[in-house]
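Colleague: Line by line, the protein sequences are chains A and B. For what it's worth, my numbering labels the leading residue of the first sequence as 7, then goes sequentially. For what it's worth, my numbering labels the leading residue of the second sequence as 160, then goes sequentially.
The hints are simulated quantities; they were obtained by calculation from the structure and are not laboratory data. This structure is a prediction, so every number in the text was calculated from the model and none was measured. Careful, some of the hints might be misleading.
[Unchecked claim] Below, a list of computed lysine-lysine pairs in the BS3-like style, where the Cα atoms sit at most 25 Å apart:
no. : chain 1 : residue 1 : chain 2 : residue 2
1   : B       : K513      : B       : K547
2   : A       : K321      : B       : K556
3   : A       : K58       : A       : K408
4   : A       : K205      : B       : K513
5   : A       : K133      : B       : K187
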Amino acid sequence: MKKMTRKATRHVSQNEGLIFEKSSAGKAAWKLPPLDVPEVDTAALLGSSERKDLGNMPEVSEIEIIRHFTRLSTWNYAIDLGMYPLGSCTMKYNPRVNELVVRLDGLANGHPYQPERISQGALRIIKTLSECLIEITGMDAITLQPAAGAHGELTGLLMVRAYHESKGAPRKKILIPDSAHGTNPATAAMVGYAVENLKSNAQGMVDVAALAEQMNEDVAALMLTNPNTLGVFEQEIHKIAEIMHAKGGLLYMDGANMNALVGKVRPGDFGVDVMHLNLHKTFSTPHGGGGPGSGPVAVKQKLEPFLPTPVLITKPDGTLGFEYNRPQSVGRVRAFYGNFGMFVRALAYILANGPDGLRQTTEDAVLNANYIRKGLEGAYDLPYSTPSMHEVVFSDKLQAKKGVKTMDIAKRLIDYGFHPYTTAFPLIVPGALMIEPTESEPREELDLFIEAMKSIAGEVEADPQTVLDAPHSTRVSRLDETAAARKPVLRWKPAI
Amino acid sequence: MLQAMGARSIDDLFSPIPAEYRLERDLKVPRQMAESEIVDWFRERSRENGDSYATFLGAGAYSHYRPVIIDSLVSRGEFLTAYTPYQAEISQGTLQAIFEFQTMICELTGMEVANASMYDGSTAAAEAVMMAVRLTGRRSVTIARSVHPEYREVLTTYAHHQNLPLATTPFQDNGRLDLEALEKSITPDTACVLIQSPNFFGTIEDADAIAGIAHKKGAMLVVSIAEAVSLGIVEPPRHADVIAMEAQSFGVPLGFGGPYCGVIATREQFVRQMPGRLAGQTTDRNGKRGFVLTLATREQHIRREKATSNICTNQALVALMVNIFMTIYGKIGLRELARQNLAKTAYAAAQFSKHSRLLFSGSPRFNEFVVQTSEDPYAVNSRLLGHKIVGGLPLKKFYPELGNAALWCCTELTTRSVIDTAVGLVAESERSVRSAQEEVDAQEVAR
Chain A
7 MKKMTRKATR
17 HVSQNEGLIF
27 EKSSAGKAAW
37 KLPPLDVPEV
47 DTAALLGSSE
57 RKDLGNMPEV
67 SEIEIIRHFT
77 RLSTWNYAID
87 LGMYPLGSCT
97 MKYNPRVNEL
107 VVRLDGLANG
117 HPYQPERISQ
127 GALRIIKTLS
137 ECLIEITGMD
147 AITLQPAAGA
157 HGELTGLLMV
167 RAYHESKGAP
177 RKKILIPDSA
187 HGTNPATAAM
197 VGYAVENLKS
207 NAQGMVDVAA
217 LAEQMNEDVA
227 ALMLTNPNTL
237 GVFEQEIHKI
247 AEIMHAKGGL
257 LYMDGANMNA
267 LVGKVRPGDF
277 GVDVMHLNLH
287 KTFSTPHGGG
297 GPGSGPVAVK
307 QKLEPFLPTP
317 VLITKPDGTL
327 GFEYNRPQSV
337 GRVRAFYGNF
347 GMFVRALAYI
357 LANGPDGLRQ
367 TTEDAVLNAN
377 YIRKGLEGAY
387 DLPYSTPSMH
397 EVVFSDKLQA
407 KKGVKTMDIA
417 KRLIDYGFHP
427 YTTAFPLIVP
437 GALMIEPTES
447 EPREELDLFI
457 EAMKSIAGEV
467 EADPQTVLDA
477 PHSTRVSRLD
487 ETAAARKPVL
497 RWKPAI
Chain B
160 MLQAMGARSI
170 DDLFSPIPAE
180 YRLERDLKVP
190 RQMAESEIVD
200 WFRERSRENG
210 DSYATFLGAG
220 AYSHYRPVII
230 DSLVSRGEFL
240 TAYTPYQAEI
250 SQGTLQAIFE
260 FQTMICELTG
270 MEVANASMYD
280 GSTAAAEAVM
290 MAVRLTGRRS
300 VTIARSVHPE
310 YREVLTTYAH
320 HQNLPLATTP
330 FQDNGRLDLE
340 ALEKSITPDT
350 ACVLIQSPNF
360 FGTIEDADAI
370 AGIAHKKGAM
380 LVVSIAEAVS
390 LGIVEPPRHA
400 DVIAMEAQSF
410 GVPLGFGGPY
420 CGVIATREQF
430 VRQMPGRLAG
440 QTTDRNGKRG
450 FVLTLATREQ
460 HIRREKATSN
470 ICTNQALVAL
480 MVNIFMTIYG
490 KIGLRELARQ
500 NLAKTAYAAA
510 QFSKHSRLLF
520 SGSPRFNEFV
530 VQTSEDPYAV
540 NSRLLGHKIV
550 GGLPLKKFYP
560 ELGNAALWCC
570 TELTTRSVID
580 TAVGLVAESE
590 RSVRSAQEEV
600 DAQEVAR
């Protein structure tokens with residue numbers, strides 16, 4: 007293979023089978039202390055409910071487990087290895103002090119039902135984080151209960167519905183721009199609303215005239231991502247809010263792209279009534295291979311009565327506690343109080359930044375995205391020339407002439423030592439390349455990325471087959487997803 | 160960098176934001192702290208949070224030992240700082256781990272397929288019920304009153320705007336579901352019966368009998384399992400159609416209620432209505448085994464409003480903790496672990512019953528039991544707190560009909576000496592109520 011950029015080189019990759027293939031009877035990685043109470047007759051206690059056999063559960067030693075998972079881990083790309091420019095995913099650095107403080111004994115071992123008088127530390131964390139997030143969003147009240155962004159959307163729309171019901175009728179529809187994340191329409195459906203599509207204009211923004219036409223008393227809310235999934239700030243946001251409010255509708259903001267706004271502008275100030283945040287995006291909690299996340303929902307005063315139960319309050323004696331008696335609440339959306347471990351990490355991030363750091367984070371995120379935009383303009387087609395905020399969306403229009411699609415370029419990027427950008431989203435851009443570098447990337451890494459992307463653009467011209475066959479350097483080549491879906495093998499079974 | 164881009168100042172980049180909305184002041188959040196200050200701040204919060212108390216609390220969140228290597232492994236940046244494994248070629252570690260997780264959940268639950276995780280046990284139960292509604296085309300749901308009260312609240316929230324009628328079936332004096340009442344409550348419109356086993360009181364339900372009743376009337380059986388360790392020694396509900404689990408017991412910190420790890424497991428024939436991510440085995444262009452996320456046509460990023468659920472982010476890293484825990488204990492260790500839980504609980508229940516009334520004593524139980532005291536359980540717990548022990552969960556809030564009852568839990572971490580101390584304090588509480596009563600009686604006699 008020809009010489010590539012400085013970012014990556016080949017390296018030994020250990021082979022490793024499934025844990026079940028390593029198992030053999032008698033191996034063990036566990037040890038229990040001697041029982042300090044009398045042994046029991048399990049058959050007498052459990053009768054026919056007693057389980058006799060645990061099937062094909064593995065038996066392996068501790069060193070085998072360490073090696074098994076360590077070897078697996080080396081097959082992953084990660085932020086710790088380099089830039090992870092997935093658009094709309096905000097793959098920023100995950101500070102390690104967050105991981106330390108969340109493991110402090112009193113926080114890691116706190117039981118959700120322990121008495122409030124010995125839970126003041128956890129409650130103080132919830133309160134401090136709530137206050138910070140309310141200030142950052144410019145809203146009036148918040149719930150931290152939702153477990154992820156989509157769960158926050160669900161909670162937010164439940165509140166929208168409860169609000170309209172309190173005014174007489176829940177209304178029928180939710181307006182959703184065609185550039186929206188898939189979770190938005192899926193959520194609306196779960197809350198019993200019909201989804202009506204809203205077309206974007208030539209700048210990739212909400213078509214305000216079309217919105218004015220589509221808005222009526224059947225519309226409960228507009229779900230808007232701002233900046234939208236093109237990384238474009240909705241400049242006419244005030245008009246959008248006015249149109250919604252004039253007909254009694256609400257403005258819901260999907261906060262997936264809040265990393266472009268923190269410390270610079272507040273959704274509460276530009277007319278948003280309800281919004282969710284993703285602590286695993288904007289507030290640095292790790293993505294962990296797909297979760298856990300946390301999706302707090304912030305609201306304006308008029309929606310406060312509908313917050314899920316329980317709600318954190320300060321009691322007359324100054325201690326903190328939970329209020330359960332909230333007659334207008336939408337109810338619970340999750341057992342206990344939400345993904346508390348994520349609250350600890352997000353708050354540690356806010357404390358590590360302070361007001362200046364939060365503002366600079368946003369500035370750097372926007373700066374980095376625009377630096378990439380400038381660096382790749384010309385090499386890739388820019389379907390919307392509207393100014394970018396924290397992410398930039400190109401298309402594969404130039405490369406498609408050679409039969410190379412966004413997914414192929416993405417796979418080739420792997421060979422250069424980068425994780426791909428988001429492919430084929432947003433849906434309004436055919437063959438989209440959606441790139442979000444975040445503030446975490448130093449200029450050196452951005453330059454390497456630009457160099458890699460330009461090099462691939464060159465390869466598409468000179469030798470498209472190399473790109474079409476990529477990746478060339480990974481443990482496995484492109485995997486057959488069609489076969490996986492046609493005849494699903496979703497678990498290991500012993501050979502008969 | 161600004162120069163390279165031909166911009167004059169950073170503010171140029173924010174010019175798309177209308178000036179009237181730009182924040183021209185500092186955010187009112189605490190000032191920037193050094194790392195040492197951050198650690199100190201959270202240490203202080205940790206100390207205010209019941210650090211070093213022994214606990215008898217369970218009720219959906221269980222205190223089990225977490226082997227050290229769980230955190231060693233999940234702290235590896237390659238797991239911690241990776242995204243959802245959509246790019247399979249550079250995510251084989253996460254994908255193979257999910258495949259192993261799905262396999263072990265199937266082995267333990269007796270189901271044929273399991274997903275990569277849901278938010279937690281409560282939302283998994285609600286989503287499992289929605290799944291049954293889609294599969295049967297029926298609309299109403301029967302829920303056992305012995306399902307975790309907060310799980311029932313979550314289901315009520317989810318069902319409300321879908322206009323799904325919910326009926327609640329009572330439990331009997333032995334703590335198990337009232338089967339006659341159950342049979343009556345199932346109508347031709349009942350999509351499923353939702354039970355929990357071991358149920359909220361720790362009692363093991365007769366899931367086979369319940370499945371028989373549900374299936375006879377064309378309804379599905381959804382079983383919630385909140386205490387995963389029970390699967391080491393309690394027969395799983397093999398006739399259930401869907402199992403919705405909370406796997407927190409498998410190596411996940413209590414963490415004041417989350418993040419935990421929900422899972423849905425079911426039969427192969429129902430997989431296309433199952434929510435959540437799934438890893439599947441396939442081959443690459445050279446015929447080499449590999450894993451990918453599969454059956455994505457069920458999911459929101461493909462199907463949008465027609466998806467099986469809106470779930471996107473799940474609990475991947477927590478599922479990895481669960482995965483490592485299951486691997487450590489494995490076929491033999493899980494049974495021994497469960498056996499210790501059973502023994503500690505049997506001992507504690509017998510000791511408590513010498514002084515107070517043990518409810519639901521006629522049925523098999525796993526690691527929880529309900530004790531009715533003469534004194535208000537909050538008052539009993541105040542006595543224990545002074546000895547750095549957190550007593551059982553007072554049930555008045557959820558089950559007022561049970562009076563002064565509390566739900567106690569013992570695990571392998573509950574020592575005999577803590578049990579004996581707690582029993583001694585409960586005995587003291589009973590004596591104090593008795594002597595107070597005797598005093599009142601004596602006064603009445605004197606009068």
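Colleague: Can you confirm whether the C-alpha distance between K133 of chain A and K187 of chain B stays at or below 25 Å?
Modeller: 15 Å, holds
Colleague: Mind checking the alpha carbons of K513 of chain B and K547 of chain B for me, to see if they're no more than 25 Å apart?
Modeller: 23 Å, holds
Colleague: Hinted pair, alpha-carbon criterion (25 Å max): K321 of chain A, K556 of chain B. Please report holds or violated.
Modeller: Holds, at about 19 Å.
Colleague: K205 of chain A and K513 of chain B were given as a pair; does the straight-line alpha-carbon distance stay at or below 25 Å?
Modeller: Outside the cut-off at roughly 72 Å; violated.
Colleague: Regarding the pair K58 of chain A and K408 of chain A, is the alpha-carbon distance no greater than 25 Å?
Modeller: 62 Å, violated
Hint compliance for this structure: hints 3 and 4 are broken, all remaining hints hold.
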